[in-house]
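J.: If you want the building blocks of each chain, they are given just below.
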Amino acid sequence: MIIVKPYHTFDHTADLGLVIIGPSEASLFANAALAVFDIITDLARVETRETRRVSVEGDGREDLLVNFLREVLYLYNGERWLLKELRVLRISEKGLEAEARGEPFDVQKHEICKEIKAVTYHQAQVRQTPAGWTARVIFDV
Amino acid sequence: MSDFKLRRIDEYRWEVPREGAMRVPGIIYSSGRLMKAMGQDESPKQVANVAQLPGIVKCSLAMPDMHWGYGFPIGGVAAFDMNGGIVSPGGVGYDINCGCRLMMTNLGQEEIRPHLAKVVNTLFQHVPSGVGSKGALKLPRNEEKRVLVEGARWAVKNGYGSQGDLESMEDGGCLPGADPEAVSERALERGKDQVGTLGSGNHFLEVEVVEKIFDRDVAAVLGIEEGQVAVMIHSGSRGLGHQVCDDYLAKLVKHVDKLGLNLPDRQLACAYIQSPEGQQYLSAMACAANYAWTNRQMLMHWTGEALERALGMSPRALGMRLVYDVCHNIAKIEEHVVDGKKMLLCVHRKGATRAFPPGHPALPDKYRKTGQPVLIPGDMGTGSYVLVGTQKAMEETFGSTCHGAGRVMSRAAAMKASRGRSISREMEDRGVLVMAAAKGTLAEEMPEAYKDIDEVVNVVHGAGLSRKVAKLRAIGCIKG
Numbered sequence: 001m002i003i004v005k006p007y008h009t010f011d012h013t014a015d016l017g018l019v020i021i022g023p024s025e026a027s028l029f030a031n032a033a034l035a036v037f038d039i040i041t042d043l044a045r046v047e048t049r050e051t052r053r054v055s056v057e058g059d060g061r062e063d064l065l066v067n068f069l070r071e072v073l074y075l076y077n078g079e080r081w082l083l084k085e086l087r088v089l090r091i092s093e094k095g096l097e098a099e100a101r102g103e104p105f106d107v108q109k110h111e112i113c114k115e116i117k118a119v120t121y122h123q124a125q126v127r128q129t130p131a132g133w134t135a136r137v138i139f140d141v
Numbered sequence: 142m143s144d145f146k147l148r149r150i151d152e153y154r155w156e157v158p159r160e161g162a163m164r165v166p167g168i169i170y171s172s173g174r175l176m177k178a179m180g181q182d183e184s185p186k187q188v189a190n191v192a193q194l195p196g197i198v199k200c201s202l203a204m205p206d207m208h209w210g211y212g213f214p215i216g217g218v219a220a221f222d223m224n225g226g227i228v229s230p231g232g233v234g235y236d237i238n239c240g241c242r243l244m245m246t247n248l249g250q251e252e253i254r255p256h257l258a259k260v261v262n263t264l265f266q267h268v269p270s271g272v273g274s275k276g277a278l279k280l281p282r283n284e285e286k287r288v289l290v291e292g293a294r295w296a297v298k299n300g301y302g303s304q305g306d307l308e309s310m311e312d313g314g315c316l317p318g319a320d321p322e323a324v325s326e327r328a329l330e331r332g333k334d335q336v337g338t339l340g341s342g343n344h345f346l347e348v349e350v351v352e353k354i355f356d357r358d359v360a361a362v363l364g365i366e367e368g369q370v371a372v373m374i375h376s377g378s379r380g381l382g383h384q385v386c387d388d389y390l391a392k393l394v395k396h397v398d399k400l401g402l403n404l405p406d407r408q409l410a411c412a413y414i415q416s417p418e419g420q421q422y423l424s425a426m427a428c429a430a431n432y433a434w435t436n437r438q439m440l441m442h443w444t445g446e447a448l449e450r451a452l453g454m455s456p457r458a459l460g461m462r463l464v465y466d467v468c469h470n471i472a473k474i475e476e477h478v479v480d481g482k483k484m485l486l487c488v489h490r491k492g493a494t495r496a497f498p499p500g501h502p503a504l505p506d507k508y509r510k511t512g513q514p515v516l517i518p519g520d521m522g523t524g525s526y527v528l529v530g531t532q533k534a535m536e537e538t539f540g541s542t543c544h545g546a547g548r549v550m551s552r553a554a555a556m557k558a559s560r561g562r563s564i565s566r567e568m569e570d571r572g573v574l575v576m577a578a579a580k581g582t583l584a585e586e587m588p589e590a591y592k593d594i595d596e597v598v599n600v601v602h603g604a605g606l607s608r609k610v611a612k613l614r615a616i617g618c619i620k621g
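Going down the list, the sequences are from chains A and B.
By this note's numbering, the letter at position 120 of the first sequence is numbered 120, and the numbering carries on one by one without gaps.
Basically this note's numbering = 1-based index in the second sequence + 141.
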């Protein structure tokens, strides 16, 4: 079986660019969070033992996406916690609430493949297309 | 980029002519060959974007190691009038006070060669490196806040290095005006256990040998002799600096909307220097800068310990001493002469190095005659250059020069190009022993991914922005 990932990376000289897709806006945001953690770690080794609430505000969709990814990244960068699943509970242009499931990073159990240090506003984009939703964002690595 | 008409001014300079909302023109320092690579990304457009920011003075500058960043180009230099000008977290970068320091030792290369594997191994064990690396010490909040205020002085006070080290750092290893109240709880949390860690990505610790001296008199003052062993450290303010940048970008993106400033890129978010928001960012930035100096000071201390252990030498016999420590990502308040008038400016250097000339009051007495030492690391395994600052840099680039080789290949392209190859074996064939915490880092950082350091340095030397003093060749390298 071929599993098609709902994201791909694109070239940016010093950094990491991501294009994410999703059938709905909620799934686009959930896929963006998963993409980040798929790059940071081997998700197969992460279990859903804990639930965390993610709640962000934004001023338009791009701002909301950047703020959301900033919160999601902090789960690992600040709290050493790995995300495995994310469910968007509520989303509008102004705000988002979601439930993340995962577990604390354990050096014996998990692998950190790559560090994503920050999410940038540079050329961030969220668009509705005939096929669904697509977003583009550049990370500092 | 294709919509940009660059005008060649002379052998080393290209102008981005002023047009549209640009307040000043852009000037790019480069060579014909380097320019070809630059023309392919969006960095010239970023030079033009920076030229649109309020209060920018003279021109928006880029060094020959320029490449596509976000907001500002990497390799960008821009100065803003203290009155009516802005400060921009994006113009400083995420890794606040990312920088380099060079230490010389008493060792000759023939003394270290037989023990190189042991030396590299011991360094790798003793100096915390790699993704999310944590230090040997965890700071309680009150102590962490002292680091933010005191910078490298804190490290020296706590037994990491000596008082004499402080004069061999820009600003004595401590930016004034640091206020921990301007730093978020999140940033403090990320910083609590990372001081004294190398980190990942392009950060490294390299054992080098002085290969060539270009200026004997200056090299003698700097204590650099041909055939001697040196260590170069490249690291910054780790998670704390990233969080400070992140926090203030988010804050200032909103602030810019409120001000009604129309910016070509949200990553250029900024505040007027004299506004409460601008002052608050500068206070937080100073904290992160001070954290970075403490970090490099501790890394240096552990480097000395590792070398002593591996070689069975006393500190006195090893004789490790700091030549200088430079910042790559920072905004500083400096006095410059613009159109014959003295002005106080906020100089942003994002992937650029200060290069003050002989006689500048900011220099320690020992370097007053030579000019400021400028340290330029090359890509992994090629080595580094030592240069000194010049009067011409003061006149043309607000006392600034390049900071490194500069990427030419994206990380993804480098990964692709490295498939089926052993980069560490290739490095070994070139006489460089490399140890990396993560395999991917080696591929991403392989030499082909960077511009030719010789060419970059020849541009700044040829353009008179700094003068070559010595070239060092890598023999051992620790990557995060």
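If you are wondering where the hints come from, they were derived from the structure by calculation, not from laboratory data.
The reader is advised that the hints may include incorrect statements.
The list that follows gives simulated cross-link-like pairs (lysine to aspartate or glutamate, DMTMM-like), each with its CA atoms no further than 20 Å apart [said to hold, decoys possible]: (1) Lys392/B to Glu93/A; (2) Lys392/B to Glu57/A; (3) Lys395/B to Glu71/A; (4) Lys395/B to Glu93/A.
J.: Are the Cα positions of Lys395/B and Glu93/A separated by 20 Å at most?
T.: 16 Å, holds
J.: So if I understand the rule, the pair passes when the alpha-carbon distance is 20 Å or less; does Lys392/B with Glu93/A pass?
T.: 18 Å, holds
J.: Hey, Lys395/B versus Glu71/A, does the alpha-carbon distance stay inside 20 Å?
T.: 17 Å, holds
J.: Against the 20 Å threshold, does the CA-CA distance of Lys392/B and Glu57/A hold or violate the hint?
T.: 13 Å, holds
Violation of the numbered hints given earlier is absent; every hint is satisfied by the structure.
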